[in-house]
Amino acid sequence: MMYKVTLSLHNEKGQRKYLNQEERLRFFEVTLGYGLPKRLFCQLLFYTGARISEIYNLRTDSIDQANKTVVLETLKKRKRGIYREIPLPVTILKQLESYIHKLVCENQSVISLWSFSLRTGSRAVKEVMTKAGITGVRSCSRGLRHGFAVYAVSKVPLTMVKKWLGHASLTTTAIYLDVIGEEEREIAKRIW
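Here the sequence shown stands for residues 1 to 192, where the numbers follow my numbering.
Straight-line Cα separation of at most 20 Å, PhoX-like style, residue types lysine-lysine; simulated pairs:
1. Lys-162 x Lys-79
2. Lys-94 x Lys-38
3. Lys-68 x Lys-163
4. Lys-17 x Lys-126
5. Lys-189 x Lys-155
6. Lys-163 x Lys-76
7. Lys-131 x Lys-38
8. Lys-76 x Lys-162
9. Lys-131 x Lys-17
10. Lys-94 x Lys-68
11. Lys-79 x Lys-163
12. Lys-126 x Lys-38
13. Lys-102 x Lys-38
14. Lys-17 x Lys-162
Calculated directly from the structure, the hints in this document are not laboratory data.
Working from the sequences, and respecting the hints, build out all of it.
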């Protein structure tokens, strides 16, 4: 029997699964109090909307300073080796350049950006969420991804958001147009 998958920005109890822009900014502010590796890990999630496993799999050669992008392997595809580039702000690129330079000098080879486990990275995200006062179903890396997408669709074309998120279908990305709260009010202001 085939079941239709229904994508929603709310769970079965009606709780929002995404961070609103105010929560996203609080998350970012809290990251500033962390050491460089965990701060960069969390800020890359904030700036890219990537899946936590995609950020975790970054290597020292994943940052393209010339193009000012991060190159991510899209991990939810049926086959490996599908990459996408996401632009990054100069501020985080400079921090990444310094961090990567230190790693390469110490190791003389291409290595993972992170010396901690995925579980530790996930715990760091959860800790930042707690310190930022973000609780509930949205207080995880997926909530940050959804929040990135909701904010992005209010500012850039849907096709660009689709590319950045690594979605195969525009239909999947279109769920982020179904926003509630301040994001919806901001979109509605365009027609008032």
